[in-house]
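Position chain B against the provided structure of chain A, taking the given hints into account.
Chains as they are written, first to last, in numbering that gives the first Met the number 0: chain A, 0 to 291; chain B, 0 to 242.
One or more hints might be untrue.
Said to hold, decoys possible - Straight-line distance between alpha carbons at most 25 Å, and here's what the computed SDA-like set of lysine to any residue pairs gives:
id, chain 1, residue 1, chain 2, residue 2
1, B, K87, A, I138
2, A, K6, B, K87
3, B, K4, B, K27
4, A, K232, B, V167
5, A, K6, B, S92
6, A, K40, A, H244
Just so you know, the hints here were simulated from the structure itself, not pulled from any lab data.
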Amino acid sequence: MSLTPTKQPIIPRIKRETIRKLLARGERIDGRRFDEYRPIKAYLNPIPKAEGSALVRLGNTIVMTGVKIEVGTPFPDRPEEGVLQVNAEFVPLASPTFEPGPPDEFAIEAARVVDRNLREPRAVRLEDLVIIPGKKVWIVFNDIYLLDHDGNIIDAGMLSTMLALNTARIPSIVSIEGDNVVVDKRNKDKKLGINLNVVTVSIGIINDYLLVDPGLEEELVLDGKITIGFDEKGRITGIQRTGMHGIPSNMIDNIISLASRKAAELHSYLREVLNNPTTYSKTLAEIMKSEG
Amino acid sequence: MMHEKPVLIREDGLRHDGRRPDELRPIKMEVGVLSNADGSAYVEFGGTKVLAAVYGPREVHPRHLALPDRALLRCRYHMAPFSTMDRKSPAPSRREIELSKVIREALESLIFVDLYPRTSIDIFIEVLQADGGTRTTGLTAASLALADAGIPMRDLAAGVAVGKIDGVLVLDIDEVEDEYGEADMPIGYAPSIDEIVLLQLNGVLSLDEFRQALELAKKGATMIYKMMKETLHNKYLRILSEE
Numbered sequence: 000m001s002l003t004p005t006k007q008p009i010i011p012r013i014k015r016e017t018i019r020k021l022l023a024r025g026e027r028i029d030g031r032r033f034d035e036y037r038p039i040k041a042y043l044n045p046i047p048k049a050e051g052s053a054l055v056r057l058g059n060t061i062v063m064t065g066v067k068i069e070v071g072t073p074f075p076d077r078p079e080e081g082v083l084q085v086n087a088e089f090v091p092l093a094s095p096t097f098e099p100g101p102p103d104e105f106a107i108e109a110a111r112v113v114d115r116n117l118r119e120p121r122a123v124r125l126e127d128l129v130i131i132p133g134k135k136v137w138i139v140f141n142d143i144y145l146l147d148h149d150g151n152i153i154d155a156g157m158l159s160t161m162l163a164l165n166t167a168r169i170p171s172i173v174s175i176e177g178d179n180v181v182v183d184k185r186n187k188d189k190k191l192g193i194n195l196n197v198v199t200v201s202i203g204i205i206n207d208y209l210l211v212d213p214g215l216e217e218e219l220v221l222d223g224k225i226t227i228g229f230d231e232k233g234r235i236t237g238i239q240r241t242g243m244h245g246i247p248s249n250m251i252d253n254i255i256s257l258a259s260r261k262a263a264e265l266h267s268y269l270r271e272v273l274n275n276p277t278t279y280s281k282t283l284a285e286i287m288k289s290e291g
Numbered sequence: 000m001m002h003e004k005p006v007l008i009r010e011d012g013l014r015h016d017g018r019r020p021d022e023l024r025p026i027k028m029e030v031g032v033l034s035n036a037d038g039s040a041y042v043e044f045g046g047t048k049v050l051a052a053v054y055g056p057r058e059v060h061p062r063h064l065a066l067p068d069r070a071l072l073r074c075r076y077h078m079a080p081f082s083t084m085d086r087k088s089p090a091p092s093r094r095e096i097e098l099s100k101v102i103r104e105a106l107e108s109l110i111f112v113d114l115y116p117r118t119s120i121d122i123f124i125e126v127l128q129a130d131g132g133t134r135t136t137g138l139t140a141a142s143l144a145l146a147d148a149g150i151p152m153r154d155l156a157a158g159v160a161v162g163k164i165d166g167v168l169v170l171d172i173d174e175v176e177d178e179y180g181e182a183d184m185p186i187g188y189a190p191s192i193d194e195i196v197l198l199q200l201n202g203v204l205s206l207d208e209f210r211q212a213l214e215l216a217k218k219g220a221t222m223i224y225k226m227m228k229e230t231l232h233n234k235y236l237r238i239l240s241e242e
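Extracted from the complex, chain A is given alone in its bound form:
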């Protein structure tokens, strides 16, 4: 059952008013322009043991995604395809309001939004993941791990997911005897096939103002939020409206145009990182030292 959230972080009324008042002067609480993302820093392969991994800092939000690739059985209705499984964990170390336990509706929603934006444009080449048709396929487990929550988890999660999948390598198969597949996980030879990259852009709405990449304090005073996915060809790959207020329908056009412009920026950053893997590969110790 879905409940009106009761455990949101408290935001003082004075700050709430400040955030809203500043908007009228064209300013945001952290000094950004309305259409400006917080600084983004991406790192590849912080977890060498995973088949693929990436860590993204979006301002103070930190999200890590780890990819594990294992042998499993295909879905009966898709015998000629591997399986992609996206999961998100909002672990309690990431926020004073998170509690241990199975993923809540926010984590489930975030994972499903990322999943749909990958699945619908066929971003991952699942058809390449068949080992024995109908019996054994590769299962790609994409786990989004939120480490520090300062808002806009979905965009950071999508970005780290896309980077982790791009770095992922499939373990080598030692032998196949009947239905028994023996795998050597230390030996990863083939790259996971990616058809195209996808990013999401989240836009917060307060009165008539559109705020790109809302931070946590802004999220708490937003009227509503909308997350739109775009592939590298500029097509829309998914939409999710969230929040407790409706969106005036005459604002939708502006929201979509703004999101499409910001998506192009995220795609060029994504390309920059993927084209220079050595520059962006860091150990976890180095990342934790770098203070964002």
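Relative to the frame of chain A, chain B by itself:
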């Protein structure tokens, strides 16, 4: 098992069930269908059959969940085990958890929640038979049940899904069109205040297609909204005539 993709748009331009691209399925609505609930509604979009019940505003259990300045909204979207081709486990799936959330958020924006502090308003949606568009049918039914319960709202939300099938944008897709189509875009629309309260897109659309899809969805939702108002109106006429 994998089935061959059926023809979704026939040579005469009509859909697999003979509808025009901008045509809704036959819709049936009834309010006040359950005696225990404070408000209830039954809504049918073709083969999709949904019951919604509202309890409240009532005392919150457990009490620590009560909010001092507004009503607590609780919403459960649930599919009956027999509603689908293969039996669905009655335990809530990740899909149902997400849909409960998006429907709750759609209704949060419409209900005057600050009129009922320290209470809960509980909304239960049971999909009895699923044939595509269950979340939008559920939202429509929940809106009617809330109105039937006499809970003040800024507007009613009408739900409908637009799809892209064989390259054509169509209104109110059913299960076959959802399964084999290229995109499914459910929306919840409150026509009198011109607000979008639910919007999701599963699938790939160009910017232009999205704009057309949204217009088509609003047109469809406005037709559904008229039926909703008539349904409520008829209920009160019936009460009047019984007095």
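Against the structure, the hints come out as follows:
no.: 1; hint: K87(B) x I138(A); in the structure: 23 Å, holds
no.: 2; hint: K6(A) x K87(B); in the structure: 32 Å, violated
no.: 3; hint: K4(B) x K27(B); in the structure: 29 Å, violated
no.: 4; hint: K232(A) x V167(B); in the structure: 20 Å, holds
no.: 5; hint: K6(A) x S92(B); in the structure: 23 Å, holds
no.: 6; hint: K40(A) x H244(A); in the structure: 32 Å, violated
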